[in-house]
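Colleague: Spelled out, the chains give:
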Amino acid sequence: NAGVTQTPKFQVLKTGQSMTLQCAQDMNHNSMYWYRQDPGMGLRLIYYSASEGTTDKGEVPNGYNVSRLNKREFSLRLESAAPSQTSVYFCASGSYEQYFGPGTRLTVT
Amino acid sequence: AQKITQTQPGMFVQEKEAVTLDCTYDTSDPSYGLFWYKQPSSGEMIFLIYQGSYDQQNATEGRYSLNFQKARKSANLVISASQLGDSAMYFCAMRAYYSGGGADGLTFGKGTHLIIQP
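In the order they appear, the protein sequences are chains S and C. Heads up, the first sequence is in the working numbering, so the first residue is 1 and it goes up one at a time. Heads up, the second sequence is in the working numbering, so the first residue is 110 and it goes up one at a time.
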């Protein structure tokens, strides 16, 4: 039982490049989430998906897009990366307590 | 909108002592949940304990308990008999629950860095 998996674990991008962060869960959860964590801060919600086929903006959605591909998978896309998007990105799933993936450390230069 | 405040950026505690990590929250939603997560230096987020706004009793999970004072909007985490492995960042979080079964994401505090000293 893998729980929540994320790929990649680390990524370095140049300003303006695009990339997609992948997330999958095997716990049959309806709800999935993307957060970012910056130094000295708690996690902040980027987007969430309450069920397959629906997505909603969180606190900090600008510069990101998401796709809920199916019940298992929820991807986060940066279309044109900016240095301000340097952060650790966490995917989570669950309706009551949320189970988190291991995170993706992204650096934009 | 919800807000979580953790007023202790860092704490040093002697091993085997009990620890209280403070958390106050603000929300106008009548139905909500309160959570504590642990983030060790390895970076993963580990769920510790949950308290629902309508729960009559304080939640407990092993050495963790949540001191829930609803009128004061307080949800402090108590760790009994601290261990060296408890050294980590601790985050308080909350989410609202809506009629119809909906729920959005968690709102986190900025965290408390707990260091257990031998």
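Worth flagging that the hints you see were computed from the coordinates, not collected in a lab. Be a bit skeptical, because a hint or two may be false.
Simulated coverage check for chain S against chain C, where a stretch passes if three residues somewhere in it have a Cβ under 8 Å from a Cβ of chain C [as the list claims (entries may be wrong)]:
#1 7 to 15
#2 63 to 77
Computed list of lysine-lysine pairs in DSBU-like fashion (alpha-carbon distance at most 30 Å, straight line) [stated by the list, open to error]:
#3 K57(S) / K125(C)
#4 K219(C) / K14(S)
#5 K219(C) / K9(S)
#6 K112(C) / K182(C)
#7 K125(C) / K71(S)
#8 K219(C) / K57(S)
#9 K179(C) / K125(C)
#10 K179(C) / K57(S)
All residues carry an ideal CB built from backbone N, CA and C; glycine is no exception.
Colleague: Hint by hint, note whether the structure agrees.
Modeller: Tested hints:
1. By the rule of at least three residues with a Cβ nearer than 8 Å to a Cβ of chain C, the coverage given for the region 7 to 15 of chain S is violated, with 0 such residues.
2. Evaluation of the coverage hint for the region 63 to 77 of chain S: breached, as 0 residues show C-beta separations to chain C shorter than 8 Å, against a requirement of three.
3. Only pairs whose Cα atoms come within 30 Å are accepted, and K57(S) paired with K125(C) is rejected, the gap being roughly 43 Å.
4. Straight-line distance between C-alpha atoms of K219(C) and K14(S) comes to about 29 Å, which keeps the hinted pair within the 30 Å bound.
5. Of the pairs offered as hints, the one joining K219(C) and K9(S) holds, with about 23 Å between alpha carbons and a cut-off of 30 Å not exceeded.
6. At most 30 Å may separate the alpha-carbon atoms for a hinted pair to count; K112(C) and K182(C) meet this at roughly 11 Å.
7. A hinted pair counts as satisfied when its Cα atoms are at most 30 Å apart, and K125(C) with K71(S) does not qualify at roughly 44 Å.
8. For the given pair, K219(C) sits about 21 Å from K57(S) by alpha-carbon distance, which is consistent with the 30 Å threshold.
9. With a C-alpha separation of about 29 Å, the suggested pairing of K179(C) with K125(C) holds against the 30 Å cut-off.
10. A hinted pair counts as satisfied when its Cα atoms are at most 30 Å apart, and K179(C) with K57(S) qualifies at roughly 29 Å.
Hint check: violations occur at hints 1, 2, 3, 7; the rest are consistent with the structure.
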